[in-house]
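In the UniProt record's numbering, the protein residues as written are 1 to 150.
Keep in mind that a hint or two might mislead.
What the hints assert, rightly or not - Taking lysine-lysine pairs in the DSSO-like style, the calculated list, with each CA pair at most 27 Å apart, reads:
#1 Lys13 <-> Lys29
#2 Lys18 <-> Lys2
#3 Lys28 <-> Lys18
#4 Lys20 <-> Lys5
#5 Lys29 <-> Lys18
#6 Lys29 <-> Lys2
To be verified - For each label pair, taking beta carbons as the anchor points, the in silico distance ranges come out as:
#7 Ala62 <-> Glu82: 19 to 29 Å
#8 Leu118 <-> Leu71: 30 to 40 Å
#9 Pro15 <-> Glu60: 51 to 61 Å
Worth flagging that the hints you see were computed from the coordinates, not collected in a lab. Just so it is clear, the structure is predicted and the values come from calculations on it, not from any experiment. Cβ atoms here follow ideal geometry from the backbone N, Cα and C, with glycine treated the same way.
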Amino acid sequence: MKPSKLLRHLNPKHPGVKDKTLEYFERKKREHEGQKKFLRATTSIKENALRASYLVANREAAVEKIAHVPLSADTVTRRIEEIAEDIEARLFERINASPWYALQVDESTDIDNKAILLAYVRYLYQEDVHENLLCALPLPTNTTGAELFK
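Using the sequences and the hints given, assemble the complete structure.
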């Protein structure tokens, strides 16, 4: 801009600074540039926070979407059977590794007054005595000792 136009702007619009030195204006320019850098840095922090928030929300939505996938009864049943087989295999490994074990057989009735045969095992595992239920089988007949061991 031409100096005459600058003076025409400076005198009526900024009468308080018309007598200031060149250093004053250079210092003001540096301050203004410093503020711009600060605003840019603050804006980039806000943008990064917004981006991170979006990524977290997007990931949570994906996890929630997977959680709502319906499983068929066959899938659930198969998974339960696999878990039961694994538990049974671990129990037999522990019993076979034990130097001794004891079996206990008991007869009981359930809530419908039906007879059930319960078998427990006690064994030594890692220097502790453990007790586990081996099986619970329904009994089709009476619960006398003779009937149980037929």
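Verification of the supplied hints:
| no. | hint | result |
| --- | --- | --- |
| 1 | Lys13 <-> Lys29 | 18 Å, holds |
| 2 | Lys18 <-> Lys2 | 16 Å, holds |
| 3 | Lys28 <-> Lys18 | 14 Å, holds |
| 4 | Lys20 <-> Lys5 | 18 Å, holds |
| 5 | Lys29 <-> Lys18 | 16 Å, holds |
| 6 | Lys29 <-> Lys2 | 19 Å, holds |
| 7 | Ala62 <-> Glu82: 19 to 29 Å | 26 Å, holds |
| 8 | Leu118 <-> Leu71: 30 to 40 Å | 32 Å, holds |
| 9 | Pro15 <-> Glu60: 51 to 61 Å | 59 Å, holds |
Of the numbered hints given earlier, the model fails none.
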